[in-house]
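Line by line, the protein sequences are chains C, B, X and A.
If you count the first sequence from 1, position 29 lands on 29 in full-length UniProt numbering, and the numbers rise without skipping.
If you count the second sequence from 1, position 177 lands on 177 in full-length UniProt numbering, and the numbers rise without skipping.
If you count the third sequence from 1, position 35 lands on 35 in full-length UniProt numbering, and the numbers rise without skipping.
If you count the fourth sequence from 1, position 86 lands on 86 in full-length UniProt numbering, and the numbers rise without skipping.
Derived from the structure by calculation, the hints contain no laboratory data.
Wrong hints could be hidden among the right ones.
Ranges between beta-carbon positions, derived for each pair [what the hints assert, rightly or not]:
1) Glu38/A with Arg20/C: 39 to 49 Å
2) Asn88/B with Lys65/C: 40 to 50 Å
3) Ala78/A with Lys159/C: 57 to 67 Å
4) Glu132/X with Asp63/B: 27 to 37 Å
5) Lys65/C with Asp13/B: 27 to 37 Å
6) Ser64/C with Asp63/B: 16 to 26 Å
Remember, predicted model here, so these are calculated numbers, not experimental data.
We put the CB at the ideal spot given by N, CA and C, even for glycine.
Protein chains: 4
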Amino acid sequence: MSLMAKRWEELADIKRVLARRDWFPGTSGNLAIKIDDEPISFLVTASGKDKTKETNEDFLLVDSKGQPVGETHLKPSAETLLHVEIFNKTNAGCSLHVHTVDNNVISELYGDKGSITFKGQEIIKAYGLWDEDAEFTIPIIYNHAHIPTLAADFAKFVKADAGAILIRNHGITAWGRDALEAKKYLEASEFLFSYHLKLLSFKHVMV
Amino acid sequence: MSLMAKRWEELADIKRVLARRDWFPGTSGNLAIKIDDEPISFLVTASGKDKTKETNEDFLLVDSKGQPVGETHLKPSAETLLHVEIFNKTNAGCSLHVHTVDNNVISELYGDKGSITFKGQEIIKAYGLWDEDAEFTIPIIYNHAHIPTLAADFAKFVKADAGAILIRNHGITAWGRDALEAKKYLEASEFLFSYHLKLLSFKHVMV
Amino acid sequence: MSLMAKRWEELADIKRVLARRDWFPGTSGNLAIKIDDEPISFLVTASGKDKTKETNEDFLLVDSKGQPVGETHLKPSAETLLHVEIFNKTNAGCSLHVHTVDNNVISELYGDKGSITFKGQEIIKAYGLWDEDAEFTIPIIYNHAHIPTLAADFAKFVKADAGAILIRNHGITAWGRDALEAKKYLEASEFLFSYHLKLLSFKHVMV
Amino acid sequence: MSLMAKRWEELADIKRVLARRDWFPGTSGNLAIKIDDEPISFLVTASGKDKTKETNEDFLLVDSKGQPVGETHLKPSAETLLHVEIFNKTNAGCSLHVHTVDNNVISELYGDKGSITFKGQEIIKAYGLWDEDAEFTIPIIYNHAHIPTLAADFAKFVKADAGAILIRNHGITAWGRDALEAKKYLEASEFLFSYHLKLLSFKHVMV
Numbered sequence: 001m002s003l004m005a006k007r008w009e010e011l012a013d014i015k016r017v018l019a020r021r022d023w024f025p026g027t028s029g030n031l032a033i034k035i036d037d038e039p040i041s042f043l044v045t046a047s048g049k050d051k052t053k054e055t056n057e058d059f060l061l062v063d064s065k066g067q068p069v070g071e072t073h074l075k076p077s078a079e080t081l082l083h084v085e086i087f088n089k090t091n092a093g094c095s096l097h098v099h100t101v102d103n104n105v106i107s108e109l110y111g112d113k114g115s116i117t118f119k120g121q122e123i124i125k126a127y128g129l130w131d132e133d134a135e136f137t138i139p140i141i142y143n144h145a146h147i148p149t150l151a152a153d154f155a156k157f158v159k160a161d162a163g164a165i166l167i168r169n170h171g172i173t174a175w176g177r178d179a180l181e182a183k184k185y186l187e188a189s190e191f192l193f194s195y196h197l198k199l200l201s202f203k204h205v206m207v
Numbered sequence: 001m002s003l004m005a006k007r008w009e010e011l012a013d014i015k016r017v018l019a020r021r022d023w024f025p026g027t028s029g030n031l032a033i034k035i036d037d038e039p040i041s042f043l044v045t046a047s048g049k050d051k052t053k054e055t056n057e058d059f060l061l062v063d064s065k066g067q068p069v070g071e072t073h074l075k076p077s078a079e080t081l082l083h084v085e086i087f088n089k090t091n092a093g094c095s096l097h098v099h100t101v102d103n104n105v106i107s108e109l110y111g112d113k114g115s116i117t118f119k120g121q122e123i124i125k126a127y128g129l130w131d132e133d134a135e136f137t138i139p140i141i142y143n144h145a146h147i148p149t150l151a152a153d154f155a156k157f158v159k160a161d162a163g164a165i166l167i168r169n170h171g172i173t174a175w176g177r178d179a180l181e182a183k184k185y186l187e188a189s190e191f192l193f194s195y196h197l198k199l200l201s202f203k204h205v206m207v
Numbered sequence: 001m002s003l004m005a006k007r008w009e010e011l012a013d014i015k016r017v018l019a020r021r022d023w024f025p026g027t028s029g030n031l032a033i034k035i036d037d038e039p040i041s042f043l044v045t046a047s048g049k050d051k052t053k054e055t056n057e058d059f060l061l062v063d064s065k066g067q068p069v070g071e072t073h074l075k076p077s078a079e080t081l082l083h084v085e086i087f088n089k090t091n092a093g094c095s096l097h098v099h100t101v102d103n104n105v106i107s108e109l110y111g112d113k114g115s116i117t118f119k120g121q122e123i124i125k126a127y128g129l130w131d132e133d134a135e136f137t138i139p140i141i142y143n144h145a146h147i148p149t150l151a152a153d154f155a156k157f158v159k160a161d162a163g164a165i166l167i168r169n170h171g172i173t174a175w176g177r178d179a180l181e182a183k184k185y186l187e188a189s190e191f192l193f194s195y196h197l198k199l200l201s202f203k204h205v206m207v
Numbered sequence: 001m002s003l004m005a006k007r008w009e010e011l012a013d014i015k016r017v018l019a020r021r022d023w024f025p026g027t028s029g030n031l032a033i034k035i036d037d038e039p040i041s042f043l044v045t046a047s048g049k050d051k052t053k054e055t056n057e058d059f060l061l062v063d064s065k066g067q068p069v070g071e072t073h074l075k076p077s078a079e080t081l082l083h084v085e086i087f088n089k090t091n092a093g094c095s096l097h098v099h100t101v102d103n104n105v106i107s108e109l110y111g112d113k114g115s116i117t118f119k120g121q122e123i124i125k126a127y128g129l130w131d132e133d134a135e136f137t138i139p140i141i142y143n144h145a146h147i148p149t150l151a152a153d154f155a156k157f158v159k160a161d162a163g164a165i166l167i168r169n170h171g172i173t174a175w176g177r178d179a180l181e182a183k184k185y186l187e188a189s190e191f192l193f194s195y196h197l198k199l200l201s202f203k204h205v206m207v
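So here's chain C without its partners, still in its complex pose (with noise of 0.2 Å):
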C-alpha cells in the first residue's frame, strides 16, 4: 500500500467512527492528513460532502497553501487554511475540526475569557501530561466568518505539534504528530468538555 493510500485510509477510519458519533451535523467538520513534507501536501476532506458516507471523493490532496494538487471537481473543505496553519508551522501530521454540542456550549461559556483550562483529571494524560497537578488550557478565538482573519487569529495558538484550539460557536480543531495523536486530543478535550457542563449543572444543587 502507497503511503497515500496508507494516509486515506487512516483518515477514512477516523470520519468513520466520528460520524457513527453524529460529529458531523450538517456537513460540517472536515479533516486532513499529511502527506509530504517537502513540499508540504495533505489530504482534506471535500467540501459539502454528507460524511456518513464513504466513497473515493472524499479527500483530495492540496499543497502547503491548501489549493488542489492536478486537476480536480473537488473543492478543498472552506476551512482548510486553518489545517495550512497547523501543518505549516508545526511537525503535526493530521488535522480534526468538528462540531458537538458541548465544544459549542463550553466555547460560549468561556468566550469572554478567551481560554478554558482544565485541572486535576486523569484524561489530560492524553496530552502527555503525566504530573498530578498538570494544567492543559484551551484558547478560544472568535469566530470570524472572513476565513484568511480567522486563519490568521488560529495561527497565534499553534505553537506546538500538537494541541486544541476552540473557535466560538463554532468548533474545535486538534491536531497531533498523526492521526492517532490527534484524535486523542480532540476526544480528550470533548470528555473533558462534556464532564465539566455535567460537574457545573450540580453546583447549584450541591451547594
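Starting from the structure of chain C, add chains B, X and A where the hints point.
For chains B, X and A alone, kept in the frame of chain C given last:
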C-alpha cells in the same frame, strides 16, 4: 439504475442513518423524495412501519394530492399532505419529518412566541447563510389533529425551496432542493435545538 | 419458516435493536412473544444472558404458568410471571420489559402519585389514541422483591390488549397485540419520559 | 479453541461493545482477563491503542506482577498493577477499567465522602444482592499519579471476588468471577451513576 431506484436508495439511506439515531420513535416520522415534476409524484414512507427495518415496501409512489399511484396495499403516511404542500409550492426535491425529544421541548418552550430565531452560530451556514450576522427563524405552528387543517396552516410558512417548520409537541419538517440539502437543514436545526437547550440550562448557574 | 421460527426472529430483532440502545444494562430486561393460545405458550428470554449477544439459547418456550416446555438447561427470566399475567388476561402477543435511566427517574419522581399521565403530545397517537385531547396514563407500582406479589399487583393494571406499566425504581413493561405494537408502546413511553424530564428541567429557568 | 483464544475472544467482545459506547475516550481504559491460576497470568490491553480498532496486538499476556510473559514489543497498560491486585487477592477472572463522564462526575461529587451507596434500586440485583433493602457501596479513592501508590490504596478495597471501585476524577474498575460478571458489575454501576445524577438534577425542581 432508473431515476426511481436512485431516489429510493437516497431516501433509504437517509432513513437508515436517522433510524440509527432513534429519530423514529414509535413508528413516528415520515420521509418524502420527489420523482417527477409534471405532474408531480413522489415517494413517501408507508404508514405504520418500524423504520429500523429495510424492506421493499418502505416507500410508495403518490401523486400531487398524496394519493397512491397505481394499485398497492400500502397506505401513505398520515402526514403525506404536508409533503404535498412542499412539493406543490416550491422546487424542493426532498422533505423529512421527525420527532426528537429536543425538537419537541423547543417547540413547547417557544410555542407561544410562534417561532425561534438562531443567530451567531457557525452551523447557520448549513442553511446557505454565510453572513456573520445571519439569522435563521423556524416557525412553530399549532398541532391540529385534523391533518388538512394542519397542512393549510403549515403551507403558510412554506415559502422557499429549502426550510424548516416546527409543529408544537409534534416534530420538525425540513426540506431542501435535494436529499442532501433536506438532511443538512434537518441536522443543522437539531444541532441548534440541542445547543440552545444546553446553553439555556446554564443560565441560572452562570449569572 | 415455522411459526416458532418466525416469532423467534421477531423477538430477536427487537432484542438486537434495544441492545444497540443499551436498554439491557447488567443483563437486565426480558422479552416475551406468544406462540400458542390454547394452551398458552410463549418464548421468553433465558435468565442471566448478555443481551448484546445472539445465540440459539437466547429464548426458551414456557407454558401458561411460565414453566419451561420440555427438557432444557435454560432458566426462564425471573420476571416471567409478569408476562404470564399479560398473556393470560389479554390478547397481547408480545411483552417487553426494560430498565432505562429515564423510566427509573420518572418512576421515582411520580411513584408517590401512583401514575403519570401524558396529554397534548403527538406521539400519544402511537397508543392508538387519535383525539386531540387524548390522555394516556401509565400506572407506577411498588417494586416488591417477592415476584408473585409483584405479579399480583401488576395484574391489577393489565386490562387491555396493549398497555404499559412502570415498576418503581425498576423499569417498564409494555405490551401489544403483536411485536410491532409492543415496541411502539415501549418507544412512545420512553420518548414521553425523556421529553417530560427535559421539559421539567427548564421549569425554573423559564419562569 | 484453546483457553487462551477463548479468553481473548471474550475480552475482545467486551472491548467491542464498550468501544461502541465510546467508553474509551482518548485511548483511556484497560481490560484484563485471567488465563491461569498457578502461577497467575492474565491478558491485558496493550498501552496506547485506539480501542475502536481490532488487531491481534490488542492484548498481551502478563504474569502475577504485571510483567510481559515472553518476548514482545507491546507494553502492558500503565494501570496493569490494579488488575494485579485483583487477580492476586481474589478469585476474580476478569477486571474492567473505563472512564465515563458520569463516573467521573459521581467520583467528584462524592469524593470527599469517600464512597457512594446505592439502595432501593432493582438493578442492585446485578450485584447478586436480592434482598429488598440491599445496599451496595462503591468506594472512591484518591487518584495518585504514582501508580504503585494508587495500587496500594486500591488494594485496601479489593475484598471480594466481584466488586467496583471509583478513582476520583479518573474512572471505575469493576471485576467479577468471569467476563460476564465483571461486565454486569460495570454496567449496573454506570446505570446507577447516571440514574443518581439525573434524579439529583430534579431535586431543586420538585421541592
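Okay, the hints, checked on the actual structure:
| no. | hint | in the structure |
| --- | --- | --- |
| 1 | Glu38/A with Arg20/C: 39 to 49 Å | holds, 43 Å |
| 2 | Asn88/B with Lys65/C: 40 to 50 Å | holds, 47 Å |
| 3 | Ala78/A with Lys159/C: 57 to 67 Å | violated, 27 Å |
| 4 | Glu132/X with Asp63/B: 27 to 37 Å | holds, 29 Å |
| 5 | Lys65/C with Asp13/B: 27 to 37 Å | holds, 35 Å |
| 6 | Ser64/C with Asp63/B: 16 to 26 Å | violated, 55 Å |
Checked against the numbered hints above, the structure violates hints 3 and 6; every other hint is satisfied.
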